[in-house]
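There are 2 protein chains.
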Amino acid sequence: MIIDIHGHYTTEPSAVHVFRDKQLAGLADPARRPSSADLGINDEALIASVRPQLDFQRERGSDLTIFSPRAAGMAHHVGTEDTGKEWSRLSNDLIHRICTLLPDNFAAVGQLPQFPGVSPKNCIPELERLASLDFVGVNLNPDPSGGYWTDPPLTDRYWYPVYEKLVELQMPAMIHVTSSCNPNFHHTGAHYINADTTAFMQLLQGDLFRDFPELKIVIPHGGGAVPYHWGRYRGLAMMLKKPTLADHLMKNVFFDACVYHFPGIELLTQVISSDNILFASEMLGAVRDIDPETGHHFDDTKRYVDRVEFLSEEDRYKIFEGNARKVYPRLDAQLRKRGKPGKVV
Amino acid sequence: MIIDIHGHYTTEPSAVHVFRDKQLAGLADPARRPSSADLGINDEALIASVRPQLDFQRERGSDLTIFSPRAAGMAHHVGTEDTGKEWSRLSNDLIHRICTLLPDNFAAVGQLPQFPGVSPKNCIPELERLASLDFVGVNLNPDPSGGYWTDPPLTDRYWYPVYEKLVELQMPAMIHVTSSCNPNFHHTGAHYINADTTAFMQLLQGDLFRDFPELKIVIPHGGGAVPYHWGRYRGLAMMLKKPTLADHLMKNVFFDACVYHFPGIELLTQVISSDNILFASEMLGAVRDIDPETGHHFDDTKRYVDRVEFLSEEDRYKIFEGNARKVYPRLDAQLRKRGKPGKVV
Chain A
1 MIIDIHGHYT TEPSAVHVFR DKQLAGLADP ARRPSSADLG INDEALIASV RPQLDFQRER
61 GSDLTIFSPR AAGMAHHVGT EDTGKEWSRL SNDLIHRICT LLPDNFAAVG QLPQFPGVSP
121 KNCIPELERL ASLDFVGVNL NPDPSGGYWT DPPLTDRYWY PVYEKLVELQ MPAMIHVTSS
181 CNPNFHHTGA HYINADTTAF MQLLQGDLFR DFPELKIVIP HGGGAVPYHW GRYRGLAMML
241 KKPTLADHLM KNVFFDACVY HFPGIELLTQ VISSDNILFA SEMLGAVRDI DPETGHHFDD
301 TKRYVDRVEF LSEEDRYKIF EGNARKVYPR LDAQLRKRGK PGKVV
Chain B
1 MIIDIHGHYT TEPSAVHVFR DKQLAGLADP ARRPSSADLG INDEALIASV RPQLDFQRER
61 GSDLTIFSPR AAGMAHHVGT EDTGKEWSRL SNDLIHRICT LLPDNFAAVG QLPQFPGVSP
121 KNCIPELERL ASLDFVGVNL NPDPSGGYWT DPPLTDRYWY PVYEKLVELQ MPAMIHVTSS
181 CNPNFHHTGA HYINADTTAF MQLLQGDLFR DFPELKIVIP HGGGAVPYHW GRYRGLAMML
241 KKPTLADHLM KNVFFDACVY HFPGIELLTQ VISSDNILFA SEMLGAVRDI DPETGHHFDD
301 TKRYVDRVEF LSEEDRYKIF EGNARKVYPR LDAQLRKRGK PGKVV
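Here the protein sequences line up with chains A and B, keeping their order.
With the first letter of the first sequence counted as 1, position 131 gets the number 131 in my numbering; the numbers rise by one all the way through.
With the first letter of the second sequence counted as 1, position 309 gets the number 309 in my numbering; the numbers rise by one all the way through.
Hints were generated in silico from the structure; no laboratory data involved.
These numbers come from a predicted model, not from an experiment.
Careful, some of the hints might be misleading.
A pair counts as met if it fits within one copy or between any two copies, since identical chains are not told apart.
To be verified - Straight-line Cα separation of at most 30 Å, DSBU-like style, residue types lysine-lysine; simulated pairs:
1. LYS302 x LYS340
2. LYS340 x LYS165
3. LYS165 x LYS242
4. LYS242 x LYS302
5. LYS343 x LYS302
Starting from the given sequences, assemble the full structure and let the hints guide the process.
Here it is, written out as structure tokens:
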């Protein structure tokens, strides 16, 4: 079974955008507020909206996508904390409906109603609601300011209430920023990758997993710059008198495989243990075109993993399925309940 | 000849730090201002201070280091524009003296008196002074705020006066941030690498080299995350309707080789044309320890380049010498004047 742990709902029906426009317009003119959070999207329309994802699953040979709302759409820095709560709830409910309609194709990851300068503990009610709806994880934004990085680092106690709840609920967090309102940072070309690199270095500097040995953190986009600069990070761990990266971080930190060319995936799989890599494509995501050098989509990352010669069958199983079951135990439980226990490795 | 294009003066005599402390203390209490910018460091002491660099050059087999003030020391966000001007002048003068004393070992790159929110054109007098002192390039900080990214992107006309002057003086700019006052960003572990990635993406989004076809930009630290995510950037160029990266950027943008493990250097040299890579070690820089996995210093990057099997002799010449002469034409002219013309490739 091939599990793609990083897919966003980037094919939403236009009613979703109409709602969001009205909701934000309502901040300036209350008369423009949407009259209802019922978008009037029926199940057929919802299934039709994820047809592109289903087609890619079949064409590329993946089975199940861990699916969350559009990352750039979270926009925690926009509007008010209250509009953010309503928007998160609505976005998560759509994911829930899709995953309920197509449980063999999608498992749900939620967005949190974070707001810059507001304690993340305000997200706990939504986090508990997500757990009650069979979500298997959440996206956690390390920079709710949208590119100005005004909240504390991830190792600060500011974030601890969320970590406590995540551990209690057996949910991992994927560290994922949203759109950027800072003109210095293109969202998919700079802000996302920088956030991945930044999160890893914050974890390296701190001792978060001493306090949360059960917490699992997924750093997407192949870990940002980290695997490419693995020597730098090993050296920085030495300079900062930390244990080796393997002991200090890599029982708790995992990288996805959203790297859009073969040499990048080859480096990732060469440098990072196969225990710490999760297959992912981010589809339909940052880069949607066909690579003229290969004739295949840039984000058809399965091809790259398949091409890496030195991976054993066991390595491949871990990357494509086993690690996802380990990092997302709620998904594993759901699959077992449906008669799909996975392999013992 | 082996040219290391990225070295910082991180072994300054303590008198430099004493001066800086007094200078900044003087902002709070004018009575504490340093009485003179003459640090009382004689030539012998200056030469002794770069003994570690000279030893490493000999041990590792490099000849000449392009040498600039400590990057984290620039701290453009600290103090006032005036203290920054004095500090830049003093820092650059030390580099000038070292390069004059040891012209076969060091060539000078300067720091600019940038200040957050202040037009970079205020740096032009120092830039012209540097040219008169035979400096071959400058470090340009894309984020003088020190981690809050409050100035415009590098493609904004805000920066054009500096680019015009750089082209006139035949100087390249290495894009290099300084220390971070944002607790989210460790300087060498996050801020530096993020700035590299950010700068490349800004250049990708813009059309700077249509206006400045002669401008040369060096992105250090192996190009940040860019080569590892080269497929992403090729795909983003397509999505943004830009020419290929080769046509759009790679006549003007160069990456250094400060990547501290073999797999990273192998990827860099595999993905990026040998016309666009400049040998560098950042010594003595971000990571100073010996890698326990190899028994050699992490930043002994020449070993990694030497180990890459698929590089031709011509590739190696370009990476170790030829590209540095091309990107730093003032250095090439100085070397020719000293009877070292380089090879024709």
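Status of each hint after checking the structure:
1. LYS302 x LYS340: Within one copy, since 22 Å is at most 30 Å while 50 Å is not.
2. LYS340 x LYS165: For LYS340 and LYS165, only the intra-copy Cα distance (27 Å) is at most 30 Å; the inter-copy one is 66 Å.
3. LYS165 x LYS242: within (27 Å within a copy, 45 Å between copies)
4. LYS242 x LYS302: between (35 Å within a copy, 27 Å between copies)
5. LYS343 x LYS302: within (20 Å within a copy, 44 Å between copies)
Hint violations for this structure: none, all hints satisfied.
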